[in-house]
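**Q** Sequence:
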Amino acid sequence: MSFKPHYIYARVSEIPVEKLKSKGIKGVILDVDNTLTTHDAPQPSPWVRKWLDQLEQAGIKTMILSNNNKGRVLPFAEILKLPFVAEGKKPLTIGYEKCAKLMGCAPNQLAMVGDQLFTDIWGGNRFGCMTILVEPIQEETMFFFKAKRFIEKIVLKDMPRRQL
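Under the working numbering, the letters of the sequence shown match residues 170 to 333, in that order.
Everything labelled a hint here was simulated from the structure, so no lab data went into it. Hints are supplied without guarantee of correctness; some may be wrong.
As the list claims (entries may be wrong) - As a list, the in silico DSS-like pairs of lysine-lysine whose alpha-carbon atoms are at most 30 angstroms apart:
#1 K173 <-> K270
#2 K219 <-> K250
#3 K230 <-> K192
#4 K250 <-> K270
#5 K239 <-> K250
#6 K258 <-> K192
#7 K188 <-> K258
Please model the complete structure; the sequences and the hints are all you need to start from.
**A** Quick look at the structure:
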């Protein structure tokens with residue numbers, strides 16, 4: 170089991186698009202909640218659109234993969250004009266497989282960007298793509314998420330902050 174991300178950044182907008190391209194990345198799979206926006210927020214964070222535009226200009230495809238239901242993901246995906254897979258069952262690889270097929274990319278041509286070790290990163294590593302952990306945009310208030318974040322901090326404690 171590999172929970173170790175290949176790279177770690179504070180937020181998606183800090184991920185250098187030109188370096189993704191130089192590493193052979195042709196598609197980026199994105200988590201929604203606490204990666205692109207806060208939980209249950211209907212709008213993306215302002216810096217997200219600019220970064221997505223840079224990816225598009227570089228010829229890198231983007232798509233959303235979320236464990237949330239279609240009702241949560243669809244309005245957000247429509248705002249960003251991105252295809253998506255809802256109920257992706259991360260960390261299982263089924264959602265990653267759907268994304269790869271829709272984008273026409275092999276696993277080693279994809280990067281998964283998300284804020285959670287035990288879903289986004291573990292699933293991306295299992296699928297064989299580059300994984301990039303970003304810090305959560307906002308601290309969660311629900312006990313389940315707080316407990317998961319506590320365990321993540323223990324796992325991340327001795328992990329160096331690697332960047333592209």
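**Q** Confirm or reject each hint.
**A** Right, here's what the structure says about each hint:
1. K173 <-> K270: Holds. K173 to K270 sits at ~25 angstroms (cutoff 30 angstroms).
2. K219 <-> K250: Roughly 13 angstroms between the alpha carbons, so the hint for K219 and K250 holds.
3. K230 <-> K192: Between K230 and K192 the Cα gap is close to 14 angstroms, so the pair holds against 30 angstroms.
4. K250 <-> K270: Distance of about 18 angstroms is within 30 angstroms: holds.
5. K239 <-> K250: 15 angstroms, holds
6. K258 <-> K192: The given pair, whose Cα atoms are some 27 angstroms apart, holds under the 30 angstroms limit.
7. K188 <-> K258: 29 angstroms, holds
Violation of the numbered hints given earlier is absent; every hint is satisfied by the structure.
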